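Starting from the structure of chain A, add chain B where the hints point.
Letter by letter, the chains look like this.
Number of protein chains: 2
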Amino acid sequence: MSKPLILVSNDDGITSKGIRVLVSIMKKLGEVVVVAPDSPQSGMGHAITIGETLRLYEEEIFDGVVAYKSSGTPADCVKLAKHYVLKDRTPDLVVSGINHGSNTSISVLYSGTMSAAIEGALEGLPSIGFSLCDFSSKADFSHVEVWVEKIAKQVLENGIPKGIALNVNFPPKQIEDIKGIKVCRQADAKWQEEFAERFDPNGRKYFWMAGNFVNFDKGEDNDEWAIANNYVSIVPCQYDLTAHHAIKQMNKDWDWESLKN
Amino acid sequence: MSKPLILVSNDDGITSKGIRVLVSIMKKLGEVVVVAPDSPQSGMGHAITIGETLRLYEEEIFDGVVAYKSSGTPADCVKLAKHYVLKDRTPDLVVSGINHGSNTSISVLYSGTMSAAIEGALEGLPSIGFSLCDFSSKADFSHVEVWVEKIAKQVLENGIPKGIALNVNFPPKQIEDIKGIKVCRQADAKWQEEFAERFDPNGRKYFWMAGNFVNFDKGEDNDEWAIANNYVSIVPCQYDLTAHHAIKQMNKDWDWESLKN
Numbered sequence: 001m002s003k004p005l006i007l008v009s010n011d012d013g014i015t016s017k018g019i020r021v022l023v024s025i026m027k028k029l030g031e032v033v034v035v036a037p038d039s040p041q042s043g044m045g046h047a048i049t050i051g052e053t054l055r056l057y058e059e060e061i062f063d064g065v066v067a068y069k070s071s072g073t074p075a076d077c078v079k080l081a082k083h084y085v086l087k088d089r090t091p092d093l094v095v096s097g098i099n100h101g102s103n104t105s106i107s108v109l110y111s112g113t114m115s116a117a118i119e120g121a122l123e124g125l126p127s128i129g130f131s132l133c134d135f136s137s138k139a140d141f142s143h144v145e146v147w148v149e150k151i152a153k154q155v156l157e158n159g160i161p162k163g164i165a166l167n168v169n170f171p172p173k174q175i176e177d178i179k180g181i182k183v184c185r186q187a188d189a190k191w192q193e194e195f196a197e198r199f200d201p202n203g204r205k206y207f208w209m210a211g212n213f214v215n216f217d218k219g220e221d222n223d224e225w226a227i228a229n230n231y232v233s234i235v236p237c238q239y240d241l242t243a244h245h246a247i248k249q250m251n252k253d254w255d256w257e258s259l260k261n
Numbered sequence: 001m002s003k004p005l006i007l008v009s010n011d012d013g014i015t016s017k018g019i020r021v022l023v024s025i026m027k028k029l030g031e032v033v034v035v036a037p038d039s040p041q042s043g044m045g046h047a048i049t050i051g052e053t054l055r056l057y058e059e060e061i062f063d064g065v066v067a068y069k070s071s072g073t074p075a076d077c078v079k080l081a082k083h084y085v086l087k088d089r090t091p092d093l094v095v096s097g098i099n100h101g102s103n104t105s106i107s108v109l110y111s112g113t114m115s116a117a118i119e120g121a122l123e124g125l126p127s128i129g130f131s132l133c134d135f136s137s138k139a140d141f142s143h144v145e146v147w148v149e150k151i152a153k154q155v156l157e158n159g160i161p162k163g164i165a166l167n168v169n170f171p172p173k174q175i176e177d178i179k180g181i182k183v184c185r186q187a188d189a190k191w192q193e194e195f196a197e198r199f200d201p202n203g204r205k206y207f208w209m210a211g212n213f214v215n216f217d218k219g220e221d222n223d224e225w226a227i228a229n230n231y232v233s234i235v236p237c238q239y240d241l242t243a244h245h246a247i248k249q250m251n252k253d254w255d256w257e258s259l260k261n
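Chains as they are written, first to last, in the working numbering: chain A, 1 to 261; chain B, 1 to 261.
This is chain A alone, in the form it adopts within the complex:
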């Protein structure tokens, strides 16, 4: 049997520590091809590059691994990999990360890491986004390596439902070992923004966005709970945003007489 083909991307950029760790783990499991942004792309959500050009350069940065850096977003990178770099070859697995920082709960919407994984799922490929809940560029990934390998192996062997991307978050390094894995739902939480005002040397105002994370969720079956209790959280994510229950409700509650042609 030939080795599985594994596509690696991320949103912190091709030189980040997290992607180096991820590449080194994936090399044990298969043939690795990297297509990742040439600069940090945190918070890019599911952005793609429209009306602008894209660059793509091969880069000898990982030992024995074909790697490209692109000027595009994480979603662009997966598109470039699938439709240009790999062309007739289909990856057996798409992995993104390991992100420096949490992508639990509502952060999945803003996450470049997860947009790469969701783009993989859109292509019908088993896809995983990995994030460590530690924002430091020098974050300690040593306690998560074994888990990344276990989870990737599991997906290669037992698959995941079609059209699903896994949002995997790891608790930061602690004295106590990680307790295990929880498959869970996205916690109900939000970022409560504040804007810090500053003035440039010309006296013109600018802003820094500074958010506080507010967790409304009291449940124990969500990703915030899992991380807070030193478990790995896995949220299976889909890209159908339809609030199916709301269709019936709107058809009932709205005044449809006034909405006729």
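A hint or two may mislead.
Where chains are identical, the list cannot tell them apart; a pair therefore holds if satisfied intra-copy or between any two copies.
Unchecked claim - Straight-line alpha carbon distances no greater than 27 Å define the calculated DSSO-like cross-link-like pairs of lysine-lysine that follow:
| no. | residue 1 | residue 2 |
| --- | --- | --- |
| 1 | 27 | 248 |
| 2 | 182 | 252 |
| 3 | 248 | 182 |
| 4 | 173 | 153 |
| 5 | 138 | 17 |
| 6 | 260 | 87 |
For the record, the hints were derived by calculation from the structure and aren't laboratory data. Note that the coordinates shown come from a computational prediction; the quantities given were computed from them, not determined experimentally.
Relative to the frame of chain A, chain B by itself:
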């Protein structure tokens, strides 16, 4: 009763024709405040500005309306509006658009228009993204004005379920009048990308992304069907990406013995 407060944003930028049309309609329904990007932001998905500064300038561009342009993304604009411009005032409605181009089906993921609306929903506000399925910057909006007004009025009067943003798409101008409204689900479709290669004057390669829309959906209860049949499509969208059905399936299918600590 005081006039409702309506926040307007978009992704084509504050000078686009679509937002001018939207502002003129919303002025009939309430007090309008605009916070919109200073330049086109199509395809920005749910991007936000992290690690970079934001600008925000008041602009006299719409007659009798307080308006601000920002260097940020559509999601940034709604955050700036809610937490800085309006501060203690809560909008009764957030509207985004009218986008020059379709945001049906999977395009909702890439859409800056919808990210502004979803950001509104995240803030607990009734929110609507409007898009016209005509990419021209000079698109004819005359046939949709009455529908935008009707739908916005309906939401102001009868509300929408909490945490939901409406993705409203209009068919392009045709000889026949629009037939009516369909509340529907997001069609199962994708963009099949192609990358056109070019060379710059220094002989270095660059790319244009050029996608073909591929519709897999044979149903008649989805937004692609509605638009193709000259109906207005309304998809209620939520921001919980959890594939709830997959949680049980993964707990059953995976080899959990090998995933223990």
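Checklist entry - Which numbered hints are broken by the structure, listed smallest first? => result Going through the list in order, the structure violates hints 1 and 6 and respects the others.
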